[in-house]
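Colleague: As a plain string of letters, each chain reads:
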Amino acid sequence: MQIEPRISMKQTSVTRRNFLRGTGVALALPILDANATHAADAKVKGKTEGNTGAGNKHRMIMICTSLGMHPAYFFPEGTGDAFKASPYLKPLNDARGRYTVFSGMQHPRVDGGHSAENSFLTAAPHPGRSSFKNTISLDQYAAERMGHLTRFGYLALSTSYSRSLSWTRGGVEIPAEGKPSEVFARLFLDGSEKEIKQQVARLQDGQSIMDIVSKQAKDMQRKLGKTDQQTLDQYFNSVRELENRLIKAEQWTVKPKPQVKVGPPKDIDDKADFIGRTNLMYDLAHLAIQTDSTRLITLFVGATNSPPPIKGVDQGWHNLSHHGKDPLKIEQLKLIEVAQMEALGGLLKRLKDNKEGDSNLLDKTMVFFGSNLGDASSHHNRNLPVLLAGGGFKHAGHIAFEADKAPPLANVFVSMLQRMGVETDQFASATGRLSELKPA
Amino acid sequence: MMRSQQIKLCAATACLLLGTLAMPSLVSGAEKVDAKTFDRSVATFIENHCIDCHADATQKGKLNLEALKPTFGDPATVDRWIKVYDKVTSGQMPPHDKPRPPAKDITTASDWLKAKLYDVTLAKQVAQGPTVRRLNRVEYENTVHDLLGIEAELKSMLPTDGQAHGFDNVADGLSISSVLMEKYLRASSKALDDAIFHGFKPQTTTRKTLIKDLKKLEGHIKEGTYLVRDDAVVWFNTGYPQMTAHGFDAPEAGRYRVRIECWPYQPDGRSLAMSVYAGNFYQGDRFFVGYFDVKGSPDKPTIVEIDVTMQKRDTIRVIPYGVHGHKVHNSGKHGKVKPSEYKGMGLAVRSIEAVGPIHEWPTVSHKRLFGKLPLDNVDEGWPGGNRPKSPIYGVRSSDPKADVTSALQAFARRAFRRPVDDKQLAPIIALVQQRMANGYEFEKAARVGFQAMLCSPQFLTLNSASAELDDYAIASRLSYFLWSTMPDDELLKLAEAGKLRDAKVLRQQVERMLNDARSAALTDNFVGQWLDLRLIEDTSPDSKLYPEFDHMLQWSMVRETEQFFQTMLRDDLSVTNFIHSDFITINESLAALYGIKGVRGYNAMQRVKVPADSHRGGVLTQASVLKVTANGTNTSPVLRGVWILENIFGSPVPPPPEAVPAVEPDIRGATTIREQLAKHREVKSCNACHRLIDPPGFALESFDVIGGWRTNYRSLGKGDRVEKEIEGRRVQYRVGPQADPADQLLDGSKFADIDELKKLLLQDKRQIALCVAEKLMIYGRGSGLSFADRVDIGRIVDQVADKDFGLRSLIHEIVQSKAFLTR
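In the order they appear, the protein sequences are chains A and B. Just so you know, we're using the numbering used here here: the first sequence kicks off at 1 and counts up by one. Just so you know, we're using the numbering used here here: the second sequence kicks off at 1001 and counts up by one.
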C-alpha cells in the first residue's frame, strides 16, 4: 500500500532563512549594553572611571572549541616555566612566557559529554540532566558590571549555528553571531542618515512598547493572584531591563562608529572550513578590542561533520574526534587541532604586536582558550585542555594539578574577574581566585 | 519551587474536591485519623521489609525511614514518600536478593500512600493553578505566521529553548530574559516588515525555460559533459559540474510554483530520483527542497511540481540520485567512459517552468491586519521628480483614527486568543494615536500598535489570563498540543459559546484537528523530541566504516519514523506497535539497508509487511532511533540502554556517579564493548544500575550506527577483508569481532536477541501505554507531572485498554481528562 508522503509533491512549500538576506532593518540594533542593576553586587575597582582610562582597559576573549584537544598532544611535559612545548603548544611559541597552560583542571560536577559546552563559562553542574538549568556566564557577569562602558557590552560569536557560550543570569542562551560580515557592519559601518533616523524612531517605539507591556504584565499578575508567578515576574523584569537598554542604545546610535582601515570580511560559506571561520572571528575580535568597541568577547567553535579543507584530512572533524584509538584517525585529528592552535597563535601575535600606550593589547587582554571535553573519544569532561594567555598576569608556564586535587576551574575565572577590576572572590563553583596565578 | 506539581481545577471542581479533602484548617484533624491507618499499613510494612537497611543507623542510599514521618506539608517529605512508593511498586525495592513481601502487604501499604500522596499533590496543584508559560520559538513562529499570513523564518532569530521533562514546550525550561525580549522586538519587527504591504503591486508571470537553451550550460554541452537528447539535457554525475539553472532566476521574491519536466535516460531497471535545491548559488545560500522520483520517458515525462518560496534571483539546482556518476568522465580516460558512449542511466531534464510570485490581492497579510481597508494606490503627492513608473500600493484610510482602532481591536482578539476589553487595549491605542499626531503615516503608526501586541504578555504567554482554565485557555491548550500554533476561528467560536468542555464537542474537535494538515506539528515536535529525531544530523557516520550511508538514507530515516507514527495515529493502532509492529514504512533506500526486497521509489514511504526473516518492526529497530543513539563510529549499550529506559519504559535512570571513567571506545578490532563493560559490571556499585541499563542496550548491539543489521562489528584494523563494492570502490572496513546481543532483564528473564527482548517487553502492554501517555500529557499541557497526574494517567490508560491501547483513542482520553482540562 502506498502512503501519501507527509509533504506531497504538490504541496511542498519551503520557507527559508530569508531574514538572513538583510531584508529586515538594514541597521541592526546594537548588542545592547547590560543593565546596571546588578552592578551593585560586586564593586568595580576604582569605580567605572578606573577602567575607562587608556592605561587601564582590561579585556577578555573566551574561546571554546567543542571537540576537545587530543590530550597526548596538548598537555606539555614538565611544569613551571621550563615545560617542554607539546605539539599543540608549539604554534604558541611566539607568546611563550605570556601564557599559562593548566592540566588536571575541570568544572566540578560538570559532566554530560557534549552538553558540557553549555557550562564552559558558567560552571553550572550537570548540564546533561533533564533538570539542568544554566546560570550566568563569565562574560555576562562581567558585562553586568562594565558593559555600559562600551558601545557593545559584549560580543557573543560563533563559527556555526547560533550556539553560544554566553548565558544570561536566568540561564537563557544568548544566540551568538556567526556572520563576520554582519558583525563587522554592526561594529564599524554607520548607516545613512535616513537609516539612523529610522533606527532611532524604532528604538523609541521599542521603549514605548516596553513601557506599555510592563504595565500589562503587572495587571495580569494582580488579576491572577497566584502564589507562583515566576514567568510573569521574569517577563516584567526583562521588559524593564530592556527598556533601559533601549535608552542606552538610542544614545549610542547617534554617535559615529569607529573607523578601521580594513574592509568588511567575506564570509566563508563552507561550514566545514571552521578554521577559516575562526580566523575571521579572531580578526574581528582584534578589531573590536583595538577600537574599544567592546571588552568582552566569547567565541564558540562548534562541531562540524564534513572534512575541513586541510591537506591530509579526508574525514569529518566530529567523526575524527571519535577516533576509537585508530592511529590513522588520530593523525588526521592532529592536523586539524594543530591548525586550530596556529589560528590561536596568530591571534595572540596580532594582539602582542598591537601597541597601546606603552603596553600592548595582549598584555591588556586575557585570552582564555580551551574545550569542554577532556577527551572527545571517551566523552568525559575532566582534565580539560585549557590555557590563559595575556592580560598582564605573571604567567607560570605549565601549572599541573594532580588528578582530583585541582581547584575548580572557576577559580581561574575569579582571577580573571579580579583582573578586570571586579572586586569579587566568587563565581559559580569557585572557591576563590587561583593563587598560582599572580598579576604581573 | 516544584513547578511540575502545579495544577488547578476549575473553581467548581476545586471546591468539591477541597470539601472532601484537606482544607488547611482540617489538616490536623484528618491527620490524626490517618495516623492509625498509617501505623497499620505503611509503618508495619516498613518495619517488616525496609528498616534493616534504611534505619537511623544504616541509611542505605541516604534514606532514613525512621526519620521520614507521615506528614505531608513539606514538599521535600512528599517527594521522598513518592520515591519510596515508586521503588516499592516498581519492584526495585526490596532488592532482589531479599525475600519478596507478600503482594497483599504491598497493596495495603501502597494503597494508603497512593491515596494520601494523590490528595496532597492534587491540592497543591489546585492551589497553584495551571502553570503560566511562554510560547517556545516554534510555537512563536507558527503563531505569528498564522496571525499575519507570512512565511518569514523567525525562529532562528530567537534563542534555543531549554528542555524540561524531555520537551521544549515545558514551563520549567522556558525562562524569559531581556535578551529574549530584545529578540522578540526584532522578530516582530521583521514579521511586520513582511506583513505590511507598501510598494509595487507584484505581477504574476509564467516563465518556462528549456534547459538546453540556458547560456550557462553551453560550455558543458559543448565539452560533452552534458548531452542533449529529446530536447532535454542529460547527465550522469552527482558532483561538479552541478546542473544549476542559472539564467532561470526568480524575477522577484515570493512563492513560486515550479514544474520540472524530467525522465530517466537509458533506464536500466533501477530507480531514479533527484534532489532539488533552491537558492542563490553564487552566494552559497541554498536550501534543500526534497527528493523526487523520476519515472517515465521523453513522451511521458514526470512533472515534479513544487511550491517554493524564493528570493529575487534565486534559482533551482537538480542532482540525480541513483546514477553511477563515478563511471563517467568526458575525458574518457582512467577507466571512465565518455558521457556520449556511456550505456548506464542518466537524468534527463527538459524544462523548468515557474509561475509566480503567487499571491492574493489584497495580500493575505493585509486582510489579516487591516480587514476591509483598501490596499490601493497611495502614490499621491510623490515628492520631487523621481516618481517611479509603477504606482505605489499601501493601506488607504479615510478615517485613520477610527480605522486604526478597529484594526487593532480585531487583531487583539486573535493575537491574545480571547476577547479583549477596551481598557486593556487603551494604552496601545493611545500610543498609536500619539504617533499619528506626531506625524507617523497610518501604516507606520498602526505598526507600533501591532508590535506592542506581539510583545505583550497576553500574546507571549499561555495560561496567564485567568486563574483557572476557562474555555479560551482550553482552546489554546488544544491547539498548541495538536498544532503547535494558535487556535483557529472554529475553536475560538466554540470557546465563546462555552462548549469546549463538552465531551462530544471535544471529541469532534480533536478529530477535526488531527485530520487537519497542521497536525503534522505533533509529529515534528512531539515525536521529533520524544524519539530524538531532531538529533539526526548530530553525528555523521564514519565514511570508511559506513560507505553506504548518504544523505538520502538519513532523510529517509526520519521520514520512516514520522510516517510510522502518523500511520499509528491515523489508524488508531495499539501503542504496542512502538515495541513491535508487523508493518514498516520504508522507501527503497531503507529497504536496501534493511535487506528487504521489492520496494521501489524514494519519495514516498510505503507500508510494507515485515518479512518473517527480518528483525524489523517497532521504533527500536528503526534506523533513525538506532542512529541517534549511536555516535557515528560505534554504539554503546549503555547509552542505548539509558535511551530505552527513559523513552520506552518511562523510567529514567539515575545519572552515573561522578569521577567514574567512561568506557573508552576502541575500533581497532581487538576488544568488544561487552568485554569492556564486563569489567564495569564486576564492581557492585556499578552493577546496581548497569544490570538495569545494559541489557536492553545489548539487544541493540545487532544494529550498527546507521541501523544496519550486523552479526559482526566492522573494524578498521584487524579482521578479514570484505568483498563488496560501493560506488565502484571496494569497501575498506573489515570483519571485526562478533556482536553479542544476548542478556537478561532485571527479573531474570533471558533473551537471545532483539526479537526475544521485544516479546518480553510486549508482556506488559499497559506499561508501554503508560510511558507514551505520560509523554503525551507532559507535551500536551506543557508542564511536568505531579503524583496525582500520574495516578490519573493510570486511569486514562485503563480506559483505552479495551481498544488495545490505540494511539488515537489515547489522545482522545488524555484530552478528555481532568488533568488536561483543569490543571
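Do not rely on the hints blindly, as some may be mistaken.
Below, computed lysine to aspartate or glutamate pairings styled on DMTMM-like, alpha-carbon distance capped at 25 Å [what the hints assert, rightly or not]: (1) K1544(B) / D1421(B); (2) K261(A) / D314(A); (3) K1444(B) / D270(A); (4) K1104(B) / D1146(B); (5) K1062(B) / D404(A); (6) K215(A) / D1532(B); (7) K325(A) / D1740(B); (8) K1679(B) / E193(A); (9) K311(A) / D1550(B); (10) K1544(B) / D404(A); (11) K1312(B) / D94(A); (12) K271(A) / D1740(B); (13) K1216(B) / D1193(B); (14) K1312(B) / D270(A); (15) K352(A) / E195(A).
To give a feel for the contact side, a few chain A residues facing chain B, derived at Cβ under 8 Å [as the list claims (entries may be wrong)]: (16) N93; (17) Q207; (18) V262.
Just a sample of chain B residues kept apart from chain A, beta carbon distances all over 10 Å, derived [what the hints assert, rightly or not]: (19) T1160; (20) G1332; (21) P1665.
These aren't lab readings, by the way, just hints derived from the structure by calculation. For each residue, glycine too, the CB sits at the ideal point set by N, CA and C.
Colleague: It remains to establish, for every hint, whether it holds in the given structure.
Modeller: Going down the list of hints, with the structure as the test:
Restraint check: the Cα-Cα separation between K1544(B) and D1421(B) comes to about 65 Å, which exceeds 25 Å; the hinted pair is violated. For the hint linking K261(A) to D314(A), the alpha-carbon distance of about 37 Å lies beyond 25 Å, and the restraint is violated. Between the alpha carbons of K1444(B) and D270(A) the distance comes to roughly 40 Å, so the proposed pair goes past 25 Å and is violated. With a C-alpha separation of about 56 Å, the suggested pair K1104(B) and D1146(B) falls outside the 25 Å cut-off, and the hint is violated.
For the given pair, K1062(B) sits about 24 Å from D404(A) by alpha-carbon distance, which is consistent with the 25 Å threshold. Taken as a hint, the K215(A) and D1532(B) pair is broken in the structure, with Cα atoms around 40 Å apart against an allowance of 25 Å. Our distance criterion of 25 Å between C-alpha atoms is met by K325(A) and D1740(B), whose separation comes to about 22 Å. The suggested pairing of K1679(B) with E193(A) is violated, with an alpha-carbon distance near 71 Å, which exceeds 25 Å.
With a C-alpha separation of about 24 Å, the suggested pair K311(A) and D1550(B) falls inside the 25 Å cut-off, and the hint holds. Of the pairs offered as hints, the one joining K1544(B) and D404(A) is violated, with about 38 Å between alpha carbons and a cut-off of 25 Å exceeded. In summary, the hint linking K1312(B) to D94(A) is not supported, as the alpha carbons are separated by about 49 Å, beyond the 25 Å threshold. At roughly 38 Å between alpha-carbon atoms, K271(A) and D1740(B) are farther apart than 25 Å, so this suggested pair is violated.
For the given pair, K1216(B) sits about 35 Å from D1193(B) by alpha-carbon distance, which is inconsistent with the 25 Å threshold. For a cut-off of 25 Å, the pair hint linking K1312(B) to D270(A) stands: about 23 Å separates their Cα positions. Straight-line distance between C-alpha atoms of K352(A) and E195(A) comes to about 37 Å, which puts the hinted pair past the 25 Å bound. A cut of 8 Å between beta carbons decides the hint on N93(A): the least distance to chain B is about 31 Å, and the hint is violated.
For Q207(A), the suggested interface contact is broken, since its CB lies about 10 Å from the closest CB of chain B, more than 8 Å. Given the 8 Å rule on beta carbons, the hint for V262(A) is violated: about 21 Å separates it from the nearest Cβ of chain B. Remark: the non-interface label on T1160(B) conflicts with the geometry, its nearest Cβ contact in chain A lying 6 Å away (cut-off 10 Å). Non-interface call for G1332(B) relative to chain A: holds, since the shortest CB-CB distance, roughly 27 Å, exceeds 10 Å.
Non-interface call for P1665(B) relative to chain A: violated, since the shortest CB-CB distance, roughly 4 Å, does not exceed 10 Å.
In terms of the numbered hints stated before, the structure departs from hints 1, 2, 3, 4, 6, 8, 10, 11, 12, 13, 15, 16, 17, 18, 19, 21, listed from lowest to highest.
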